[in-house]
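J.: Here is what each chain is made of, one letter per residue.
2 protein chains.
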Amino acid sequence: MTEDKNQPLRSIEELGEFALIDHLTAHFETRRSETLKSIGDDAALLDMGDKKTVLSTDMLVEGIHFNLSYMPMRHLGYKSVVVNVSDICAMNARPTHITVSISVSNRFSLEALEEFYRGVNDACAHYKVDLVGGDTTASLKGMTISVTAIGSVSEDRVVYRSGAQENDLVVVSGDLGGAYLGFQVLERERQVFEVNPQHEPDLDPYHYIIQRQLKPEARLDMVELLEALEVRPSAMIDISDGLSSEALHLCKQSNLGIALYEEKLPIDPTVISACDEFNLNPTVAVLSGGEDYELLFTIRQDDFLKIKGNPNLTVIGHMTEKTSGAQLVLRSGELAELKAQGWTSF
Amino acid sequence: MTEDKNQPLRSIEELGEFALIDHLTAHFETRRSETLKSIGDDAALLDMGDKKTVLSTDMLVEGIHFNLSYMPMRHLGYKSVVVNVSDICAMNARPTHITVSISVSNRFSLEALEEFYRGVNDACAHYKVDLVGGDTTASLKGMTISVTAIGSVSEDRVVYRSGAQENDLVVVSGDLGGAYLGFQVLERERQVFEVNPQHEPDLDPYHYIIQRQLKPEARLDMVELLEALEVRPSAMIDISDGLSSEALHLCKQSNLGIALYEEKLPIDPTVISACDEFNLNPTVAVLSGGEDYELLFTIRQDDFLKIKGNPNLTVIGHMTEKTSGAQLVLRSGELAELKAQGWTSF
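Chains as they are written, first to last, in this note's numbering: chain P, 1 to 346; chain G, 1 to 346.
Any given hint could turn out to be false.
Within a straight-line C-alpha distance of at most 30 Å, the following computed DSSO-like cross-link-like pairs (lysine-lysine) qualify [to be verified]:
hint: 1; chain 1: P; residue 1: Lys215; chain 2: P; residue 2: Lys264
hint: 2; chain 1: G; residue 1: Lys252; chain 2: G; residue 2: Lys306
hint: 3; chain 1: P; residue 1: Lys51; chain 2: G; residue 2: Lys128
hint: 4; chain 1: G; residue 1: Lys141; chain 2: P; residue 2: Lys215
hint: 5; chain 1: G; residue 1: Lys264; chain 2: G; residue 2: Lys306
hint: 6; chain 1: G; residue 1: Lys51; chain 2: P; residue 2: Lys128
hint: 7; chain 1: P; residue 1: Lys141; chain 2: G; residue 2: Lys141
hint: 8; chain 1: G; residue 1: Lys128; chain 2: G; residue 2: Lys306
hint: 9; chain 1: G; residue 1: Lys215; chain 2: P; residue 2: Lys141
hint: 10; chain 1: P; residue 1: Lys252; chain 2: P; residue 2: Lys322
hint: 11; chain 1: G; residue 1: Lys51; chain 2: P; residue 2: Lys51
I should point out that these hints are in silico values taken from the structure, not numbers from a laboratory.
Bound-form chain P, shown alone (with noise of 0.2 Å):
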């Protein structure tokens, strides 16, 4: 998938570090005023002007946050992009530039590396950021990844994780655990092909599943929407690592409590089928599966008006004071208690 097989491949030791990152972001374009200066200096110039600069940095590496048997290399530089929009969007800001540094051994070809950097030009193109630097280097083996996104901000729309307030509703976008079942139909997929690799498996009925998995979005265009709505969310969080993870997050730094209700849940029918299919718990996906990069926030109940009905947003609950912890209301009426399941990768 990372290789196409019916040309020769060329080889990164022909051209060089330097050649290397000159080649793969030649195509680049500049596309904001702030760039003074890019690629090709010691390092990127920006003019910030007055706006407050906010700045991210992830790191995905083979093995451990990515699986290049199913992952096309371009979706993947798509991705990384996307991880760190989805952070900055997560401040109620607007992503502005980003860095993106590899590593990879020599079973990599340059073709695939162009592919990955197509993908990371696909997100530059959709979120309007200027890739500004980088670094590309060997490894003894497989493939790392570290992305470093900037971004800006007006001091009086900026939206951290500690802000909520008690009776505060709580938010989220889109919907929630499809990329985490995605994930299981791509892994039983790889793990039939091991056996057999002439199966041709039919994947049409989980394209949104596999989309959510393999192309996710950042949601600059809730960050857009709020802002148009006249909404500052009082916290807000992006969920890379599943719901229930995310809300202690929110309740741990606004030194509060939350009470989440599982019939608010946000799950698509496809989600809900695939469940079906591998006997899991669609609750349980939406809190412990992550990767959905939908944001997570609190408004005032004042603002409930300007929200309300629109199709992107879902109140699913709200915060509470600190003792009553983090609760999730069953269908049954039960409370159980949020717990941390979210994916680590230790």
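Following the hints, position chain G against chain P.
T.: Below, chain G alone, put in the same frame as chain P:
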């Protein structure tokens, strides 16, 4: 060297990902007033005011860029920061903030990672930068480090690689070749140790060059000195890959040629005696051996009197027209063409 065998080591799994980054960065001070929000939210928030923001990133891979059999973890943490701070200095800017991400396999103890972060903290204190983010994750094998540095500079002080003019003087800070010879000594001792673990090397005579390899410094002091002397270089680059390779970068980006004089190259006596021992030509070590992290820059001839006599700065040549190419004038008077033999990781 990376583990203390006298006490039970805590495993990384015990802590989990979130606790690990909290644990490793708990003792980091916030030193800068621009830091509105540091580690602990989705992203950091920096108030860069009306200065321009400079951004640089580097990735360091075990077995490619460093060898833990002689690189103590604390030095590795320090050097990882220095490499990036040096890039910021090469823009004539001052570093302000860094992010540090690492991936490590389970052979690394918590104590080893603490040592690494101690070195990061040492460098933060020395260069007065704030650590404001990062990621810690598992790897299947070895350690990979990715550091991003942010700095600031006013628009009338920034220096690119592309600003040199014909007849500008070429100046270098400090002395060159030491880091490369330090590497030779350490590599020799490692090989001796593998054959005879009882061997106790006397490294005292090599103290300076080993220090240059294991604990290099970025020349922020030179950025400050140049400002105090009211000298704005016309072009600048840091020497990470050897003088030859960096000189060629200045030529290419300024669209000029260069003439360097062998007899002017600043070389420490320790480097010369180590070259004798290893049967190496000191000039070759200076041209091709990297990792000195000195600054190479060009100044107008009018500025010569301002830097004359400063023991930290040596004029080693001048910029020429492009058609003259990149030349080294040997002690014999003969000309040699400069070639990029700088260290490359592929």
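J.: Going through the earlier hints one by one, which of them does the structure break, listed in rising order?
T.: none
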